[in-house]
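Protein chains: 2
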Amino acid sequence: MRWWLSLYKLRCISCKSIYDADEVEYTCPKCGPRFGTLEVIYDYDEIKVNKEEFDKNSDIWQFEGILPIERGSYRTKLKVGGTPLYEFPDIAEKFKVGRLFVKYDGGNPTASYKDRASALAITKAYEKGYDTIYCASTGNAASSLAGLAAPTDLNVYIFLPASAPIAKISQLFIYGANVIPIDGSYDQAFDVSMKIGEMKGWYSRNSAINPYLLEGKKTGAMEIAVQLDWNVPDYVIVGVGDGTVVSSIYKGFYDFYKLNLIGGIPKIIGIQAEGADAVKRAFDRGEPFEPVDMPARTIADSISVGKPRDVIKACKYVKKSGGFFVSVSDEEIIRSVKELSESTGIFAEPAGAVSYAGFKKLNEEGFFTKNDTIVLVVTGNGLKDVKAIERFVEINPVKPKLDLVMDYIDGMEKKK
Amino acid sequence: MRWWLSLYKLRCISCKSIYDADEVEYTCPKCGPRFGTLEVIYDYDEIKVNKEEFDKNSDIWQFEGILPIERGSYRTKLKVGGTPLYEFPDIAEKFKVGRLFVKYDGGNPTASYKDRASALAITKAYEKGYDTIYCASTGNAASSLAGLAAPTDLNVYIFLPASAPIAKISQLFIYGANVIPIDGSYDQAFDVSMKIGEMKGWYSRNSAINPYLLEGKKTGAMEIAVQLDWNVPDYVIVGVGDGTVVSSIYKGFYDFYKLNLIGGIPKIIGIQAEGADAVKRAFDRGEPFEPVDMPARTIADSISVGKPRDVIKACKYVKKSGGFFVSVSDEEIIRSVKELSESTGIFAEPAGAVSYAGFKKLNEEGFFTKNDTIVLVVTGNGLKDVKAIERFVEINPVKPKLDLVMDYIDGMEKKK
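If you read the sequences in order, they're chains D and G. Be aware that the first sequence starts at 238, since it is given in our numbering, and climbs by one per residue. Be aware that the second sequence starts at 238, since it is given in our numbering, and climbs by one per residue.
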């Protein structure tokens, strides 16, 4: 066994069986892929890190001592992570909460949070000796895998619902990935991809199934802790599809807590779209948690998931944190995209703005207090899906004549 | 006079008249807007900076001691600049050049280099007491102004050609800017905006006209110097529309050179689209430089400029650097978008990929040697204009049945 393998093990989220890292590839053989997603657990006493080595603007690899990867193995060339955490005192004041922050991941190489996971998956593919990697995705995981793998010699296969936004689909082709557009839902694309991947012997970057993705994603939470100078916020609010990102937020803080770098773990609030709130439904039914599948329908394509793959972990982690799940309507989501853009300059894709929509909804119910510090995670760039905001666009071209343009402007000013 | 005004003055690029900062707003009254764009000149002996205070990942405001702004005035909330400089040894090897770097600005808040200029313009609008700011733009300057001004109380008016890519137009509306879609070219939108702006008493963020924009843009060059550990590359290659970005690259290195922070200035090579190469034409005719206007037609909308506004400065600066201009076809541009994406994972908009197209063209002519260090500036994110790459997208949906998908994959593999 190579030395670093002793530093971490894999544990089933349901039956708690513990496996060596080279013993199991994806999920617990006893509990199956729905109930048996794995956690990466560490021997925290053996991990030597201290606060001073972390930087507010560095990339995800600054956390490599707390990641399940080999020293010296492949690292993505493009800068993943090190994304900004912005404070908005005016918004906090408007909503009468203590402090409000936005962790904005739209500036990642392929413009979404998913780059954190794809970076890890690519490293693991190399470590494990695969030559092909694949995923099923509504778009962001796919473009992220395609983009970050583009400069490598890995073959990339992407299974995606043919209905994904054109910007996301275009990214795949431009990166030279092999694209298989499925005439069906994300859930159908996912299931068929798993079978193909197994038959072909490809490495899976499928959400939740691959235990290392969450470890990549947890770096977002770790950055929040570093950027807040090791002060833990009261709440972190984030959109939920498969449940892996929300779980990763917990895990990032959990690892730091176990390493005595922070004094606690924030309450994690997961926000779902009303038309695809299968994780919330499972959570609200209570323990023992069980998947509650449903047909998914929401404008927020990145979280349009009816059969969430990390539902057990998401429910358990959110519960442990003292948090819960909320759902918001498509109308609330789209209005949040606009309001967030206008008030912060951050143009989020719909799935990225759900955190803001959820925050507003809870705040209207009087949930937060003047003492609360809240972090909203905005997971993707609005440029990924401009179609979603077409309703705000109004183009009535005017000829470039001075008097006509003056009239046009007068008309605009009167309308206000 | 306030103390900081003594640190810099404005000088006409043509007649060399020198003005105090509060004496002239935009261009030299004697030479007019085409010949009389202004340079910001400093008393370098009075500027106290040293190498140690600069960071490879910080934002543009780390250079505030070398920017024409007041201490303590408005600074953009969102992180502008601090964008990555990537080295690609494999590409350098493939093309038999020394070292090849890409400065990628697509991760800026509104996903383009223009954020650097808009940030300065907003600061100056506040310092000068304006309540409204405007620009004419093919898209990037506009979305950047709209996005960075969104969280401020400035009113924003945008004049843009109604033919701009929908992603760029959508950004404007989502940020709540007042959009005036002009049924005409960028050049027509520009001219009418100048008249309206003057009549209304608004502050102009129009390219080249406003001398401070270039000062914001020069931070890109300064970052390159910092990121290369103060080693100056042999060549910096960048796309050219109005001529302000290419001028700013020179100015950034020039300022650092005058401050004794670097030992020289790289040769600057400006790349234009063949259908809009008015700056190249002016340059090639030689001194004294004069504008050579033309109808503009290129797929690279951000540099689709027939009447460039900074042509004199661009020609003079590029000449002083020992560089020159090259033009490339739309076909070369689009192929460069694809090649750059596939080989680096950087998905550039067409105007961003022209630097790579120009590099390849020159290299095919045997221009570069094995000793040359070359930096390509990629100015904008490909998500800004996915329509431009539609030709690479091929969607033939397949039903989510195992055998059908297997056949589909076999078909893909055979085609290779």
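These aren't lab readings, by the way, just hints derived from the structure by calculation. Among the hints, erroneous ones may be present.
A pair holds if it fits inside one copy or across any two, identical chains being indistinguishable in the list.
Calculated lysine-lysine pairs in the BS3-like style (CA-CA distance at most 27 Å, straight line) [said to hold, decoys possible]:
(1) K504 with K365
(2) K638 with K314
(3) K314 with K333
(4) K293 with K314
(5) K246 with K557
(6) K575 with K624
(7) K652 with K288
(8) K495 with K636
(9) K607 with K495
(10) K365 with K653
(11) K652 with K267
(12) K653 with K437
(13) K253 with K556
(14) K557 with K314
(15) K288 with K504
(16) K575 with K331
(17) K331 with K246
(18) K598 with K495
Which hint numbers does the structure go against, in order from smallest to largest? 1, 2, 7, 8, 9, 11, 14, 17, 18
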